[in-house]
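Chains S and X, in that order, are what the protein sequence lines are.
Those letters in the first sequence? Residues 1 to 458, by our numbering.
Those letters in the second sequence? Residues 1 to 458, by our numbering.
Read the hints as simulated data drawn from the structure, not as lab findings.
Incorrect hints may appear among the rest.
Identical chains blur together in the list; that is why a pair holds if it fits in one copy or across any two.
With a straight-line Cα cutoff of 20 Å, these simulated DMTMM-like cross-link-like pairs (lysine to aspartate or glutamate) come out [said to hold, decoys possible]:
{"no.": "1", "residue 1": "K415", "residue 2": "D137"}
{"no.": "2", "residue 1": "K364", "residue 2": "E22"}
{"no.": "3", "residue 1": "K48", "residue 2": "D278"}
{"no.": "4", "residue 1": "K124", "residue 2": "E111"}
{"no.": "5", "residue 1": "K357", "residue 2": "D131"}
{"no.": "6", "residue 1": "K324", "residue 2": "E204"}
{"no.": "7", "residue 1": "K302", "residue 2": "E447"}
{"no.": "8", "residue 1": "K302", "residue 2": "D137"}
{"no.": "9", "residue 1": "K10", "residue 2": "E52"}
{"no.": "10", "residue 1": "K404", "residue 2": "E254"}
{"no.": "11", "residue 1": "K9", "residue 2": "E352"}
Note that this is a predicted model, so its numbers are computed, not measured.
2 protein chains.
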Amino acid sequence: MYVIDTTLKKPLHLQLYEALKEDIIKNYTVGEKLPSIRSVASSYSLSKTTVESAFSQLYAEGYLQSRPKSGYYVRDFQFTIGASMDATSSIAPEIYTSYRYDFFPAQLTKEDFPLKLWKRLSTKAINESLDFGAYHDGQGESALREVIATYLVDSRGVTCHANQIVICHGFSDAMALLAKLVRDKYSHFAVENPGYHVARRVFEEYGYTISKIDVDAQGLDIDALKSSKALLVYITPSHQYPTGVSMPIANRLELITYMQSMGGLIIEDDYDSELSYDSRPIPSLQGLDKHDCVVYMGTFAKSLSPTLRVSYMVLPKHLIPLFKESYDAHFPRVSLITQHTLKLFIAGGYYEKHIRKIRTRNMKKHNLMKQLFQEKLLNSFEILSQGGGLAILIMPTVPFDWEKFNALAEKSSIKLYYANERSGGNFEALRMGFGGFSEARLEEAIEAFSEIWHKSII
Amino acid sequence: MYVIDTTLKKPLHLQLYEALKEDIIKNYTVGEKLPSIRSVASSYSLSKTTVESAFSQLYAEGYLQSRPKSGYYVRDFQFTIGASMDATSSIAPEIYTSYRYDFFPAQLTKEDFPLKLWKRLSTKAINESLDFGAYHDGQGESALREVIATYLVDSRGVTCHANQIVICHGFSDAMALLAKLVRDKYSHFAVENPGYHVARRVFEEYGYTISKIDVDAQGLDIDALKSSKALLVYITPSHQYPTGVSMPIANRLELITYMQSMGGLIIEDDYDSELSYDSRPIPSLQGLDKHDCVVYMGTFAKSLSPTLRVSYMVLPKHLIPLFKESYDAHFPRVSLITQHTLKLFIAGGYYEKHIRKIRTRNMKKHNLMKQLFQEKLLNSFEILSQGGGLAILIMPTVPFDWEKFNALAEKSSIKLYYANERSGGNFEALRMGFGGFSEARLEEAIEAFSEIWHKSII
């Protein structure tokens, strides 16, 4: 007997379906005939429709087969009862350690985000008759690409048209897209050493041969690049990651001329160009290129928020037809609401104002951190990179017990980031992020940091 | 003489910088000394700070070098003036043809999206103290993963824990992530034939060998899969794409048992499970798996909106540590606001209500389309797939002039989608989408369609 309870909220056909299914699995043999719909309906005082509905579901799932004018029979299924695994049992819960002072080098404070404005623009974006039923342009909304192009031309000296821009959901996404796009043409990828490891990782994943090219006081060593024979090179010319070196104009031009002559491609990552404190931001290398051989990578992660997941790349014109034919051109990579809100934010002039505010605010923190290092660490350290972004790169100039230092940091709940973890290279330097602290908290944090620093000097 | 205009809004140091830069490029030679800061300041009645600022910028950009106690000199840069390319000139404007009747098979109407509610929840999500300064969990927000897990367990019979879910920005994104994740273990990928080409394309891009396995009335031909020796297989068991066949329980179990015995992996794409009209949605194949050998793929594109760019996959437990070690675990793939809004939408019970509404609405359109086909096309066609999703698959059963048909469609501004364009297979069938039409528009559209159809019958 099946238990069918008419007082339950669960539909009767569903109750019957479950009871029947269990019964079939446990008690029926293959080929056995089920009672007729009419008899089940009458036994349980159910309508024929209800019973039919349960039977059809079991039929649809393959438990039953139907013989015309005869009825339903149990199908040949073998119900293997394997070693049962409880999906919820064997995974350890996720533990996120929260540190007292976290010097994460790519963080902004919550207050840095224009919350109220974003809310207003986001509502406006939803209101403005977006078509939520359709797939949109896989390259990104053209209205957003237009305002980004204007911004890049005006503020970064990039020479581009909206048609060259592809909206991506982050730097690694853009790099992956590019890696796929050009792999019929290139197979050898050069990166700066030390350099941003994400760039290398992405191209490694797509099977490229990797050459690491040393960085000196002029940025990438162009002779070493020539020796490597790589025709695809990733660089951070405005503010080299992680050394902070800016590539001089002569080297930029030499690099462009060389790569153009060889049919090569330069990937310029302008990763924190909006946050430059010592001088005006250096115009992009892409703007010097007259030969259509530079891909320009930019992001809103540092200048606005990493949570939005919006970045972009500017393709050289010769790659646009290739992109449009590619599979990636079919699906947008960022939500329509986000794209439209961001478009309103840039078009309304808010982005420029916001950058100025963020730059001023973070320049203060940058200068405060520098000053605090000088006051607290005295002559025991040197600054390797400064003047931009959200971190200062330092290293000790005195004999230093790194093991002890790390143990003390852990004990004092201070989270530190080593330059070589994210960028390779053989120097032991710390990437000290200031962006995630308020000024007051930054003072506290450096106080705590300097205590463990001094204890680690041998 | 440089033109420095104090009445302009542009800062003086910027005016000077630009004038100097042009002068250097045009008139100076390498090694030539620039006038001293003092003399420039006095010649143009500018402050020393203003002049210093312009000089430092040129220094930072590599145009000048500085010799201590001597002054600034022009650096050795070669200014190559290549064949100038005007970036805005040579790209044709983008032309999107808008059709009178577009039968796109994966479209919803604008009215299907819960606009007001989404606006409210989105504002709430922004209010609820999100930390916009920080990078978040690359696997997706755990609160969103929790509610998706609950939904999947309750509605799709999936056995899973939030820890197994990865939030992606679309089906192809999830597939790419998986292709990377398991490629040390597998190199041979089997797909249904006919089958969804995006799945094949993604794995091809990652260098997998592809086997196409025929689909019959029971879904994937398991014997053919065995012969292929592929240990990684992509299937759409609930509603095969594009044939609509549902894989019977016996085959599901046989497939699981076989793949488990061989150490294989099944990728179940449950792509339009929420939109099932003939019977209740068939529970997932994943829920039958006791051996941790199924990856489950789901999306919000069809049940909510393709513009949100949110999908997810449920990994078998043994792949979770691998994912967590992978590079992809570092960066979220969907914006925090979208994730948080969606979480509120599901947790508030709105998603279930919404699915019911969408299902009813689209079932009506599905039935209307079917009825209209029967009325207008009479005996000249057969339905190959129906009962779910946003499209009905039809083909002519009479001699048919496809060339003429396509020409007429173009002329009448009717956009059609062939099943084999997106899924391979050797049948010429049309995927007729109804989701993007209102009922009234659907009648019009089928009327226009039937006219060109009849003219094409030979």
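Indices of hints not satisfied (ascending): Structure breaks hints 2, 7 and 10.
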